[in-house]
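The lines below spell out each chain.
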Amino acid sequence: MKVEIEDKNESVVTITVNKENDVKTTVFSLFFIEVYSLSYFTLRFFKEVFTPPYEFKELIKQSFLIGYKSLALISITGFIIGLVLTIQSRPTLAKFGAVSWLPAMVAVSIVREIGPVISALIFAGKVGSGIGAELASMNVTEQIDAMQVSGANPFKYLFVTRVLAATLMLPILVVFADTFGLLGSYVAVNLKDYVSLHLYFSLIFQSLEFKDIVPSMIKTVFFGFAIGLIGAYKGYTSNKGTEGVGKAANSAVVLASLMVFIIDMIAVQITSLLQD
Amino acid sequence: MQNSVKNKVKFGLFITLGVILLIAGVYFIGEKQQLFRTTFRLTAIFADVGGLQPGNNVRFAGINVGTVENITIESGRTVRVGVIVDENVREFIHKNAVASIGSEGLMGNKILIIVPGTAGEPIIENEDRLLTETPLNIDDLIVSFKSTMDNAEMLTRDLAVIVENIKLGKGTIGRLLMDKSWAEDFDIAVVNFKLGSTGLRRLTDEALISFKDNFDSTFVNLKEGSISFKNTVENAEKITFDLSVISDNIRQGNGTLGRLVMDKNWESDFDSTVVNFKQSSLKMSELIEKAKSSWLLWGF
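Protein sequences, first through last, are from chains A and B.
The first sequence maps to residues 1 to 276 in the working numbering.
The second sequence maps to residues 1 to 300 in the working numbering.
For reference, chain B alone in the conformation it holds in the complex (with noise of 0.2 Å):
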C-alpha cells in the first residue's frame, strides 16, 4: 500500500516535472517573440528587404526590442515590413526614427535596426510608419570589394617590377640605393663639400673684413647719391603735375590737340573731309582715264 502511494508520488512529480519544463520552453521562446509581452506595431517600406525574414529580431541600441511579424510586397517596388515592438521602447522612438536592414555579423541573420531619431520630435504612435535608409546589399559589397583587390593587385604587380629593378640597380632610384660607384661618388663629394666649404667660411671672414672697410665710403657715397634721388623725384613730380595740366586741357578741348581729341565737331568734319577726299580721288581717276583717251594728250 505504501509502495503504491509512493509510486503515485513519483509518477506525479514525473508528470508535473515533464509539463512545468514543457511550458517553460514556450514560455521563453514566446518571451522571444514577444507574446507575453505588449507590443505595438510599426511598419517600414522598403525597396528591397535584402533577405529578412518574419521571425528576424528587431534591434533598438543594440538590444533586441521585437520580431518582424509580416512582409509583404506591397506594389512592384516596394516591399512593406510590418514589426511588433516592446512597448516599453516606444517611448524612446521618435516620429523621425529611422529603420535600416543589418545582419548579425558577416553570416548572420538579418536584422531590423531602428535608430530612435531627434528627441525633439513626438512619440512614434502604434501603426505608424518608419523612414527607412537602404539596406547594404552584400552582393555590391563584394563587387566593389573585387575591384579594389583587382587594383591592389595590379599595383602590388608594378610595386614588385619596380622593386626588382631596384634590386638590379636600374633606373636613378635603383642606381641611388643600389650602385656602389655611386656611394663611393658621394662620399667623395660630401668629402669635397666639406673641404669647399671650410674654403667658402674663410672666403665669407676676408669679405666680411673688406665690407666692414667699405661700408663708411660706400655709406657716404650713398648718401650723395640719395640727395640726387630726391632731386629727381621732385623734378618727376614736377613733371606729373604738368602732364596732369595737358591732360586736363586735352580733356577740356583746349588746343589743336584737344580740339583733335575731344571735340565732336571736328570729329564729324574729320569724316565728311575724307567723304570728300574719297569722292574726289574717285572723280580724278575718272579725269586721267579721260585725260588718256584725249587726243590732247596724245603722245604722252
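The shape of chain A in the complex, shown without the other chains (with noise of 0.2 Å):
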C-alpha cells in the first residue's frame, strides 16, 4: 500500500507501507500516518494563511458558496430542531407545572449545544463532502498538478481559502440557526398557548448569559476548521481515479462529523472547568 503526501511547492512525500508483512503494524501505521499528514496540513495551513500573497477574492468566492449557499439548508433544520425540542419537551415540563420554563429550557439547549453541533454536521455533510470532492475530482483530473505546474500556490488558492472560509462562515450560520431555532419553539410554544413574540424573547434573554453564548460561538469556529480542513485534505490527498473522489467525500463528511462531537465534548470539559 502507498501513502502520498504531495507537496506540490516542495518535495512529495511518499511513505509505503508493505501491506502483506505485518497486518496489524499496517492498521496502526495508517492511523498514525494520517494523524502525521493532517498535522501537516495543519501547520502547512497555518504558515500560509499568514504569508502573502493573500487570496482575497476566492475567499471572499468560497465563503459565498459555503456559507451562503448553506444557509437555506441550516436555517430550516434549526427552525424544524427548535420546533421539534419545544414540542418534545412540553409534556414532561408540564407534569412539574413548569411550562412557564419552557423558553429557558429551549433558549439555553439550543444556543449551548443543540445549534452548533445540527449546523456543525448539517455543515459537515454539505460543505465538507463538497470541498473533498471538489478538490478530489481536482486531484484525479491534475488540475492541481496543473496548477503547480503553471506556478500558481494550489495550497494556498484551494486549499487554504476552503479551510478559512469553512472556519468564519460556520459561526455566522449558527447564528442564524440559532435564531430560527428560538423561532421554531416560539411556534411551537403557541400551538398549545398562547405568548407574544416580545415576552417569549424576553424570557429567552433573561435565561441567557455571556457564558451560554461565548463558548458556543468559540466552539463553532473550531466546527468549522475541523470541518474545512479534513474536507480539504481528504480531497487533496486523495488517490488517483474516479473511486478516490467518491471515497474522499465519504470520508471528509465521517472523519469530520466524528471530529464534530469529539471538539464538543473537549469544549464541555473545558466549558465545564473554567465556569467552576
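It is worth saying that the hints were derived from the structure and are not from the lab.
Glycine residues also receive a C-beta, built at the ideal position from the N, C-alpha and C atoms.
Facing chain B, from chain A, some residues (calculated, C-beta under 10 Å):
hint: 1; residue: K61
hint: 2; residue: L173
hint: 3; residue: F201
hint: 4; residue: F205
hint: 5; residue: K211
hint: 6; residue: I213
hint: 7; residue: M217
Restraint ranges, calculated between C-beta atoms of paired labels, are given here:
hint: 8; chain 1: A; residue 1: P52; chain 2: B; residue 2: F36; range: 38 to 48 Å
hint: 9; chain 1: A; residue 1: I87; chain 2: B; residue 2: E127; range: 47 to 57 Å
hint: 10; chain 1: B; residue 1: E127; chain 2: A; residue 2: L274; range: 22 to 32 Å
hint: 11; chain 1: A; residue 1: E113; chain 2: B; residue 2: A119; range: 42 to 52 Å
hint: 12; chain 1: A; residue 1: I87; chain 2: B; residue 2: M149; range: 32 to 42 Å
hint: 13; chain 1: A; residue 1: Y54; chain 2: B; residue 2: I63; range: 43 to 53 Å
hint: 14; chain 1: B; residue 1: N109; chain 2: A; residue 2: E113; range: 14 to 24 Å
hint: 15; chain 1: B; residue 1: R175; chain 2: A; residue 2: A98; range: 51 to 61 Å
hint: 16; chain 1: B; residue 1: I63; chain 2: A; residue 2: A98; range: 15 to 25 Å
hint: 17; chain 1: B; residue 1: D48; chain 2: A; residue 2: V254; range: 50 to 60 Å
hint: 18; chain 1: B; residue 1: R157; chain 2: A; residue 2: E113; range: 49 to 59 Å
hint: 19; chain 1: B; residue 1: T78; chain 2: A; residue 2: V254; range: 56 to 66 Å
Straight-line distance between alpha carbons at most 25 Å, and here's what the computed BS3-like set of lysine-lysine pairs gives:
hint: 20; chain 1: A; residue 1: K61; chain 2: B; residue 2: K8
hint: 21; chain 1: B; residue 1: K6; chain 2: A; residue 2: K61
hint: 22; chain 1: B; residue 1: K180; chain 2: B; residue 2: K194
With the hints as a guide, bring both chains together as one complex.
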C-alpha cells in the first residue's frame, strides 16, 4: 500500500507500507500516518494563511459558496429542531407545572449545544463532502498539478481559502440556526398556548448569559476549521481515479462529523472547568 | 457580470444579517446584566446566602433592577454580596433599605430582594452597605413542615378512631348520635316536656291570680314591717354612736379598759408583775422542796 503526501511547492513525501508483511502494524501505521499528514497540512495551513499573497477574491467566493449557499439548509434545520425540541419537552415540563420554563430551557439547549452541533453536522455533510469531492476531482483530473506547473500556489488558492471560509462561515450560520431554532420554538409554544413574541424573547434573554453564548461561538469556530480542514485534506490527498473522489467525499463527512463530536466533548469539559 | 453583483449583494446581506443577529444577542444579554446602563454598586453582609450565585437577579418592588456581581467570604461567619443596581432606581432606595434573599418560586433561582426603606431617610449612595435580613432556609421550612405533618397525621389518626367509636355508638356522643333508643327516649322526653310545660303554664296562671289577691294584704304588712325596720335602723344608729364614744375613750386611755389597752405604764407594770410572779413561783417551789425535807413536816 502506498500513501503519498504531495507537497506541490516542495518535495513529494511518499510513505510506503508493506501490507503483506504485517497487517496489525499496517492498521496502526495507517492511523499514525493519517495523524502525521493531517498535522502537516494543519501546520502548513497556518504558515500559508499568514504569508502573502492573500487570495481574498477566492476567499470571498468560497465564503459565498460555503456560507450563503448553506444558509437555507441550516436555517430550515434549525427551525425544525427548535420546533420539535419544544413539542417534545413540553409534556415533561407540564408534568411539573413548569411550562413557563420552556423558553428558558429551549433557549439554553439550542444556544449551548443543539444549534452549534446540528449546524456543524449539516455543514459537514454539505460542505465537508463538497470540498472533499471538489478537490479530489481536481486532483484526479490533475488540475492541481497543472496549477503547480503554471507557478500558482494551489495549496494557498484551493486549500487555505476553503478551510478559512469554512472556519469563518460556520459561526455566522450557527447564529442563523439559533435564531431560526428559537423562532421554531416560539411557533411550537404558540401551538398550545399563547405567548407574545416580545414576552417569549424577553424570557429567552432572561435565561441566557454570556457564559452560554461565548463558549458556543468559540466552539463553532473550531467545528468550522475541523470540517474545512478534513474536507480539504481528504480531497487534496485523494487517490487518483474516479473511485478516489467518492472515497474522499465519504471519508471527509465521516471524519468531520466524528471530529465535531470530539471537539464538542472537549469544549464541554473546558467550559465546565472554567465555569467552576 | 450581473450575476456576480447579485451574488455579492446576497453574500453581503447574509454576513450583515448574521453579524446583526449576533450583536443583538450580545446586546440583549448584556442589557440583562446591566452592561450598557449606568449602574451603582451596593454591598450586603449575610451570615448565610442560601445558594445565591453571581449573576442572580436583584429585585426591587418586583422588578429586576440589577445583578449579583460577586460573593466573597468576608470572615468565618459572614459573606459579602456585591450587587450592581441600575442608577435610575437609586432615588427610590433609602439608607435604611433592607436586603433579603428570596427565591423565584419553590424551585427557582435565588434572588436578592431590596425593600426600599422609609421615605424620610436619605437616598442610598454608591458603595453603601445595605441592612440585611436572614434568608428563609428551605431546609428549616421542610423540617417544620414535617413536624406539622406528623402532628396532623397523629390528629387525623385519633380523629379516625373517635369517628369509628361514634359510628359504633360508643361513649356519650356515640350513643347520642347512633343509639336509636336514646332518640326514642329523647322523643318521649320532648313530649313529656311539652305536657309538663302546659301544666306549668296553667299553674303559673293560677299562681298569678292568687298572687294578685294576696299582693294587697302583703303590701300592708310590708308597710308595717318597714316602719318597724326604720325603728330598728334608728336603734342601730344609736348603738353605733355609743360604740364610737366607747372606742374613743379606750383610744384616749380613759377607764379601766382604756388604761389596760392604751396605757404604756400598765404594760410595764404588767410585765414586771409577770416577772415577779415568775420569780415568786420559783421561790415558792424552792420553799416547798425545803419544807418537804424539814423535820417539822415529817409525817405529812
